[in-house]
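Protein chains: 2
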Amino acid sequence: MLWYKEKLVTADEVKFDLADRGLLLGDGLFETLTAFNHIPFQLEAHLDRMIHSAQRLGMNLDRAVLQEAVLAVAGLDEAPCVIRLTASRGTGPRGLAPPEHATPLVFATRAPWHNAMAFGQAKLATVSIQRNPTSPTSSMKTLAYLDPVLSLQEAKAKGADDALIVSTSGSIACTSMANMFILNRNSLVTPALDGSVLPGIIRRLILDLAPKLGFIVSERACSIAELLEADLVVASNSVRFLTRIIGVDDWPLSNHSSEAWMALKNAVAESVSQECKGFALTP
Amino acid sequence: MLWYKEKLVTADEVKFDLADRGLLLGDGLFETLTAFNHIPFQLEAHLDRMIHSAQRLGMNLDRAVLQEAVLAVAGLDEAPCVIRLTASRGTGPRGLAPPEHATPLVFATRAPWHNAMAFGQAKLATVSIQRNPTSPTSSMKTLAYLDPVLSLQEAKAKGADDALIVSTSGSIACTSMANMFILNRNSLVTPALDGSVLPGIIRRLILDLAPKLGFIVSERACSIAELLEADLVVASNSVRFLTRIIGVDDWPLSNHSSEAWMALKNAVAESVSQECKGFALTP
Chain A
28 MLWYKEKLVT
38 ADEVKFDLAD
48 RGLLLGDGLF
58 ETLTAFNHIP
68 FQLEAHLDRM
78 IHSAQRLGMN
88 LDRAVLQEAV
98 LAVAGLDEAP
108 CVIRLTASRG
118 TGPRGLAPPE
128 HATPLVFATR
138 APWHNAMAFG
148 QAKLATVSIQ
158 RNPTSPTSSM
168 KTLAYLDPVL
178 SLQEAKAKGA
188 DDALIVSTSG
198 SIACTSMANM
208 FILNRNSLVT
218 PALDGSVLPG
228 IIRRLILDLA
238 PKLGFIVSER
248 ACSIAELLEA
258 DLVVASNSVR
268 FLTRIIGVDD
278 WPLSNHSSEA
288 WMALKNAVAE
298 SVSQECKGFA
308 LTP
Chain B
28 MLWYKEKLVT
38 ADEVKFDLAD
48 RGLLLGDGLF
58 ETLTAFNHIP
68 FQLEAHLDRM
78 IHSAQRLGMN
88 LDRAVLQEAV
98 LAVAGLDEAP
108 CVIRLTASRG
118 TGPRGLAPPE
128 HATPLVFATR
138 APWHNAMAFG
148 QAKLATVSIQ
158 RNPTSPTSSM
168 KTLAYLDPVL
178 SLQEAKAKGA
188 DDALIVSTSG
198 SIACTSMANM
208 FILNRNSLVT
218 PALDGSVLPG
228 IIRRLILDLA
238 PKLGFIVSER
248 ACSIAELLEA
258 DLVVASNSVR
268 FLTRIIGVDD
278 WPLSNHSSEA
288 WMALKNAVAE
298 SVSQECKGFA
308 LTP
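If you read the sequences in order, they're chains A and B.
Heads up, the first sequence stops at 310 in our numbering, and the numbers go up one at a time, no gaps.
Heads up, the second sequence stops at 310 in our numbering, and the numbers go up one at a time, no gaps.
Just chain A, with the same shape it has in the complex:
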C-alpha cells in the first residue's frame, strides 16, 4: 500500500500521467523521514522544509495533504520504516515553462528501517562533482537529484561508502546523503547554509542539542584540511541519524573523541525515544 493522490492505494491502482513534470524535468520535491511506533520523527520540521522549498519553486503545496500522506503510510504498520514523501509540480504542456496553475502530485511510500542503519561508520572519497551554491537544487531536496546519485556512484567506484562533496567555492559542503560535522575539542562546526548545503533536519537537531552537551556549535565555511585533522567527523541524515566518518580517500580519520561520539548518539537516540513513544535506537 502507498499514498497516492489523497488516498491509500495498491501499486496496481496507480494511474500516472507521463506528462508529469517531476518525471520529465525533475520539477518537484521530496522528503525522506523515519517513523517509529507509527510516529514520523521530526515530521513538522520535514513538512516545514518541503513547504518552504515549494514556495521557492513557486509550487502550491497543501501542508495538510503532505501531513496526511505521511501519517497514512506511517500508520500502515508498526514496524520502523523509512517514508519517502514526493511532491511533483504536476503535469504540464511540452517545454520547460510550468503551466500557470499546476496541480501538484503528492505520493508517499514506505520501506523497512533497520536498527543497523543508525550510528554506523563510513569511509568517504573525494569526487569530481562540486556543489553549486547558485543552484536551488543544492539547498533543497528536489527531484533533480542526479548530482548526489552520481557523486555516490563515483565514491563507490573508488571503494568508499559515500562521497565528500565540496562546493565550487572549495569549502566542504556535504556527503551525497548527509550533512557534515567537524569536532575539535569541544568546538562542533558544520558548513554554513551558503546555498551549497541542504538544511538537514538532523543537522538542525544536532545544532539544537549539542550546546546542552557542552559543545560550542558554529556554522561557517569548513576546509578539507581541518576535516582531516579533526578529533571527530560525523555525517548526519534522517535515515542513518549519525555516521562516524573513519577516513577520506587514503587518509584515516582519528577516533580521539569516542566520548563525544557517544554523547551525540545518545542525545539523538533520546530525541527519538521522546518523540516516538520510547522507541530505542540502541546506539
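Keep in mind that the hints were calculated from the coordinates and are not lab data.
These numbers come from a predicted model, not from an experiment.
Check each hint, because a few of them may be wrong.
Said to hold, decoys possible - What follows is a list of derived Cβ distance ranges for each label pair:
1. B:S281 <-> A:S214: 53 to 61 Å
2. A:H79 <-> B:E40: 33 to 41 Å
3. B:A307 <-> A:K42: 36 to 44 Å
4. A:E286 <-> B:G122: 25 to 33 Å
5. A:E105 <-> B:A184: 42 to 50 Å
6. B:E40 <-> A:T37: 13 to 21 Å
Said to hold, decoys possible - Below, computed lysine-lysine pairings styled on DSS-like, alpha-carbon distance capped at 25 Å:
7. A:K32 <-> A:K42
8. A:K150 <-> A:K292
9. A:K42 <-> B:K32
10. A:K42 <-> B:K34
11. B:K239 <-> A:K34
12. B:K292 <-> B:K239
13. B:K183 <-> B:K150
14. B:K42 <-> A:K32
15. B:K42 <-> A:K42
Think of the CB as a built atom: it goes at the ideal place given N, C-alpha and C, for glycine as much as any other residue.
Chain A is fixed; fit chain B onto it per the hints.
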C-alpha cells in the same frame, strides 16, 4: 498514442512504477527532436548523444530500441511534430545507489510543431543560477533538468523570453533551452564544451554549415561583454532551430548582420529540406 515499453499504446494503458528512478531522483535522460514528413531530423545525432550520455551515467540503453521509439511516434501522423524521447534508469530500491542491473524505461511522445516556432526572436535576462561545469547534468539532457526550468522562470519574471546563463567560471554558457552563437564580421563563436554547455545538435550543425557560408567558426570561452557588442547573437536548439537574440536585460542588441542571419536560417532550412523530403521551414 505514445511509445511505452517497446510498443505503441494509449495513455490509459500506461502502467508506471512509482519506484522509477527517473521520477524519484532525475536519474535518466531525454532528447527533444522534430519530425517532418515522418522523418525525425538529425535522428542519428540525437541517438548518438543519448547513447553517449547513457554511457557516462552507467546506463545500458539499446540504441535500436530508442530508434524504434522515435520512428514509431514520428510515423503516427504526417503533421510536423516535436518528439520527446525519455529514458529513465528504471526502478530501484530505496536510496541513491542504482541497482546493479537496472532495466531502463524508454518512452516517446509527440506534440504538434508549428512553423512559427522556427527562426523567432527573443529577449534574454541574466539570472542568478550559474551553470556548474563539474556537474554532468550541465552537459547532458538529464531528467534532473530543474536548473534550466528555474532559470527560465526567473527570466520570464523579469519580462524576458529566455535566460542568459553563465558558467560558474563567469563565461557565457547557454540559454535555458539553447546554445549561443556570437557573430562579429565573419567570425562566428560559440562557447566551448567545457562541461557547462550541452553539445547541442543544432550547435553542431551550425558549426558544420557555417564555414561553407564564409564564416570562420571557433569554440572558446565567451564573455558577456563581447556578446553585448556583437553584430549578431543567435541561440540554437532542436525545436526552434535558430532564434535571434534582440536584447539582454535592458541592453538592446544590434541588428547589423541581417545578411548573416538570413544565410544561417537558409542553411538550416536547406538541411531540414534535404533530410526531410523537401519540408519547407519558410525562414
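Would you mind confirming whether the straight-line C-alpha gap from K183 of chain B to K150 of chain B stays at or under 25 Å? Distance ~10 Å between K183 of chain B and K150 of chain B Cα, so the pair holds.
If you draw a straight line from the CA of K42 of chain B to the CA of K32 of chain A, is it 25 Å or shorter? Status holds; Cα separation ~16 Å.
I want to verify a distance hint. Is the separation of the beta carbons of E40 of chain B and T37 of chain A within 13 to 21 Å? Because 18 Å falls inside the window, the suggested range holds.
25 Å Cα cutoff - pair K150 of chain A, K292 of chain A: Holds, because 19 Å separates the two Cα atoms, which is no more than 25 Å.
Could you grab the alpha-carbon distance between K42 of chain B and K42 of chain A and see if it respects the 25 Å cut-off? Within the cut-off at roughly 7 Å; holds.
Lying within 36 to 44 Å: is that true of the beta-carbon distance A307 of chain B to K42 of chain A? Distance hint for A307 of chain B, K42 of chain A holds at roughly 41 Å.
Between H79 of chain A and E40 of chain B, does the C-beta distance stay in 33 to 41 Å? holds (38 Å)
A range of 42 to 50 Å was offered for this pair. Does it hold for the Cβ distance of E105 of chain A and A184 of chain B? holds (47 Å)
Please test the hint of 53 to 61 Å on the beta carbon pair from S281 of chain B and S214 of chain A. Roughly 57 Å apart at Cβ, these two residues keep to the hinted range, so it holds.
Can you confirm whether the C-alpha distance between K292 of chain B and K239 of chain B stays at or below 25 Å? holds (14 Å)
Proposed proximity, K42 of chain A with K32 of chain A (alpha carbon, max 25 Å): holds (10 Å)
When you check the alpha-carbon spacing of K239 of chain B and K34 of chain A, does it fall within 25 Å? Roughly 61 Å separates the two Cα atoms, so the pair is violated.
In summary, the structure is inconsistent with hint 11 from the numbered list given earlier, while agreeing with all the others.
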